[in-house]
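There are 2 protein chains.
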Amino acid sequence: MQSPGLLITISAMPSHLDLNSRSVQDYLKALYKLQQQDAPVSTNVLAERLQVAPASATAMMKKLAEAGLVEHIPYQGCRLTDSGRQQALKMVRRHRIIEQFLQQVLHYGLDEVDEEAEVLEHAVSDKLIERMWQVLGQPSHDPHGSPIPDHQGRFPEQSARPLCSFSPDQPLRIVRLKERSPAQLRYLHQLGIEPGAVVRLVDKAPFNGPIILHTPNGQHPIAWELAEAILAEPDTP
Amino acid sequence: MQSPGLLITISAMPSHLDLNSRSVQDYLKALYKLQQQDAPVSTNVLAERLQVAPASATAMMKKLAEAGLVEHIPYQGCRLTDSGRQQALKMVRRHRIIEQFLQQVLHYGLDEVDEEAEVLEHAVSDKLIERMWQVLGQPSHDPHGSPIPDHQGRFPEQSARPLCSFSPDQPLRIVRLKERSPAQLRYLHQLGIEPGAVVRLVDKAPFNGPIILHTPNGQHPIAWELAEAILAEPDTP
DNA sequence: ATTAAAATTTAGTCCAGTCTAAAAATTAGT
DNA sequence: ACTAATTTTTAGACTGGACTAAATTTTAAT
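Note that the protein sequences, when read in sequence, are chains A and B.
In this text, residue positions in the first sequence follow the numbering used here: the first is 1, and each later residue adds one.
In this text, residue positions in the second sequence follow the numbering used here: the first is 1, and each later residue adds one.
Keep in mind the hints are simulated off the structure, nothing from the lab.
Just so you know, not all the hints are guaranteed correct.
[Unchecked claim] Label pairs and their computed distance ranges (CB to CB):
no., chain 1, residue 1, chain 2, residue 2, range
1, A, 216, B, 158, 47 to 57 Å
2, A, 171, B, 150, 13 to 23 Å
3, B, 150, A, 189, 43 to 53 Å
4, B, 150, A, 216, 34 to 44 Å
5, B, 125, A, 137, 18 to 28 Å
6, A, 187, B, 173, 29 to 39 Å
7, A, 233, B, 66, 58 to 68 Å
8, B, 221, A, 81, 13 to 23 Å
[Unchecked claim] Below 20 Å or equal to it, Euclidean Cα-Cα: the simulated EDC-like pairs (lysine to aspartate or glutamate) are:
no., chain 1, residue 1, chain 2, residue 2
9, A, 127, B, 115
10, B, 90, B, 118
11, B, 127, A, 118
12, A, 127, B, 71
13, A, 33, A, 179
14, A, 178, A, 112
15, A, 127, B, 116
16, A, 127, B, 112
17, B, 127, A, 71
18, B, 127, A, 235
19, A, 33, A, 116
20, A, 127, B, 228
21, B, 127, A, 116
22, A, 178, A, 115
23, B, 127, A, 115
All C-beta atoms in this analysis are idealised placements derived from N, C-alpha and C, irrespective of residue type, glycine included.
Please model the complete structure; the sequences and the hints are all you need to start from.
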């Protein structure tokens, strides 16, 4: 029922990539988040992060490399080029403005904003993003306290440090909660740990053990690892 | 370099359709808009509306029919089933709530809301739609004056009639502008014709000729065809 | 220095949704 | 009523982005 026929594939390589496809944007954003200083990001880590098979990540890296968005060293990993980073920062800006909008205007909780923003960031026009930003009063941070890059990809000044880096007894203002899951965010909220809250470090167990934190609603032990993701600055300024 | 090999396609028909894909939703919405009373919608008209090849529309109709969303009579056309219509009305609700939100909260113009809503309606969660609707005060109409169906797909009462169906001299309130292009909407805006505006029919040329309309900012001739798309009701109630 | 394990890439499929070209059915024109 | 024009459907191919299985390279362990 099917004449087999001879298949001659010319396979001319160009394959022009849609710069604005959802998955391209997701790969770039993931690379941006995974890339510490200039160590290349491993294919497996990237694939894991995006919940795709490693082979899929490899395929996409080849396309992104061809488009000049990443530098791909086979078997070593890959890093963003300037142009790729620029593109990624644009997505970070969109994401954070949307999160701020969802919280301020639509009364979303801190634990709800990310999921919705993850989808919307790909759907919203540049115009709409800028309108949101205006309506919000040109905010410089999102509801987690993460900075919103400007159009050139520059971030506002950041003097905050991880909670676990302070010494006890100083009053501290929580500035930012980095990349935590909705469940963790709900937990922290319940403990009174949110951007803007003023707390006091009561004690630090040795060997990176838990720290004891005095918050507006009680005294709570916090795992070292979690405390690394909570940025604060001395209260008063 | 390529062993041809024997290809035996079993081709079991099920092919389960993603009910929530963007294109499925677009097809259903288009069918809903094109379907006058119960005349089936022609494949070509549908394809034209969605800017795809007729063959693509046929292919999609087969899938939608299999999923029970439309009834497809080959070579005759196709019409929505109750379940398909329900689905389409859900999209209409989303679209109109988004339009209202864009106008009220983000200060979009009447001529700008549709394009943005067209994309957003596929990206926004049910939760976000309902939040928007709450923040807006549970509106029953969008900025064009088109009614917003409720969760059961029911529309609010509609007593308005086309402008051209009234007789001269009665004061009328514009209630709705149906399905016009951005350019037409800008033109009407400039003439002072917008939902809520109070106008007076000055004269109607015979044989469906232009009508003369007195608006807040002058006296203007309007083509019959355009006047059919402008719904109004007697002013005062 | 080998070998085993882990990471990465290649090769080949699949799927949704589109397309074009050709075949079939319907509608219209005389 | 029959041919011509139009509409619709079939057949077959392509693209982006995913997958699995197998091959290859790198890293780690003896």
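Here is what the structure says about each hint:
A beta carbon spacing of about 53 Å between residue 216(A) and residue 158(B) agrees with the range 47 to 57 Å that was offered as a hint. Restraint check, residue 171(A) to residue 150(B): a C-beta distance of roughly 52 Å breaks the suggested window 13 to 23 Å. Checked against the hint of 43 to 53 Å, the C-beta distance between residue 150(B) and residue 189(A) comes to roughly 34 Å, which is inconsistent with it. The hint said 34 to 44 Å for the Cβ distance between residue 150(B) and residue 216(A), and at roughly 42 Å that hint holds.
The beta-carbon spacing between residue 125(B) and residue 137(A), approximately 25 Å, falls within the hinted interval of 18 to 28 Å. Checked against the hint of 29 to 39 Å, the C-beta distance between residue 187(A) and residue 173(B) comes to roughly 54 Å, which is inconsistent with it. A hinted range of 58 to 68 Å holds for the C-beta pair residue 233(A) and residue 66(B), which are about 60 Å apart. The hinted window of 13 to 23 Å between residue 221(B) and residue 81(A) is violated, with their beta carbons roughly 58 Å apart.
Proposed proximity of residue 127(A) and residue 115(B) is supported: the alpha carbons are some 12 Å apart, at most 20 Å. Straight-line distance between C-alpha atoms of residue 90(B) and residue 118(B) comes to about 13 Å, which keeps the hinted pair within the 20 Å bound. A threshold of 20 Å between alpha carbons decides the hint, and for residue 127(B) with residue 118(A) the separation of about 15 Å falls inside it, so the pair holds. Proximity of residue 127(A) to residue 71(B) is assessed by CA-CA distance (about 40 Å); at most 20 Å being required, the pair is judged violated.
Restraint check for residue 33(A) and residue 179(A): the C-alpha separation of about 10 Å stays at or below 20 Å, so the hint holds. For the suggested pair residue 178(A) and residue 112(A), the alpha carbons sit about 15 Å apart, so the restraint of at most 20 Å is met. For the proposed pair residue 127(A) and residue 116(B), the alpha carbon gap of about 9 Å is at most 20 Å, so the pair holds. For the proposed pair residue 127(A) and residue 112(B), the alpha carbon gap of about 10 Å is at most 20 Å, so the pair holds.
A threshold of 20 Å between alpha carbons decides the hint, and for residue 127(B) with residue 71(A) the separation of about 40 Å lies outside it, so the pair is violated. For the given pair, residue 127(B) sits about 37 Å from residue 235(A) by alpha-carbon distance, which is inconsistent with the 20 Å threshold. Restraint check for residue 33(A) and residue 116(A): satisfied, since their Cα atoms lie roughly 19 Å apart, inside the 20 Å limit. In summary, the hint linking residue 127(A) to residue 228(B) is not supported, as the alpha carbons are separated by about 32 Å, beyond the 20 Å threshold.
Annotation: proposed proximity of residue 127(B) to residue 116(A) holds, straight-line Cα distance about 9 Å (limit 20 Å). About 15 Å separates the Cα atoms of residue 178(A) and residue 115(A), which keeps this hinted pair within 20 Å; it holds. Restraint check: the Cα-Cα separation between residue 127(B) and residue 115(A) comes to about 12 Å, which is no more than 20 Å; the hinted pair holds.
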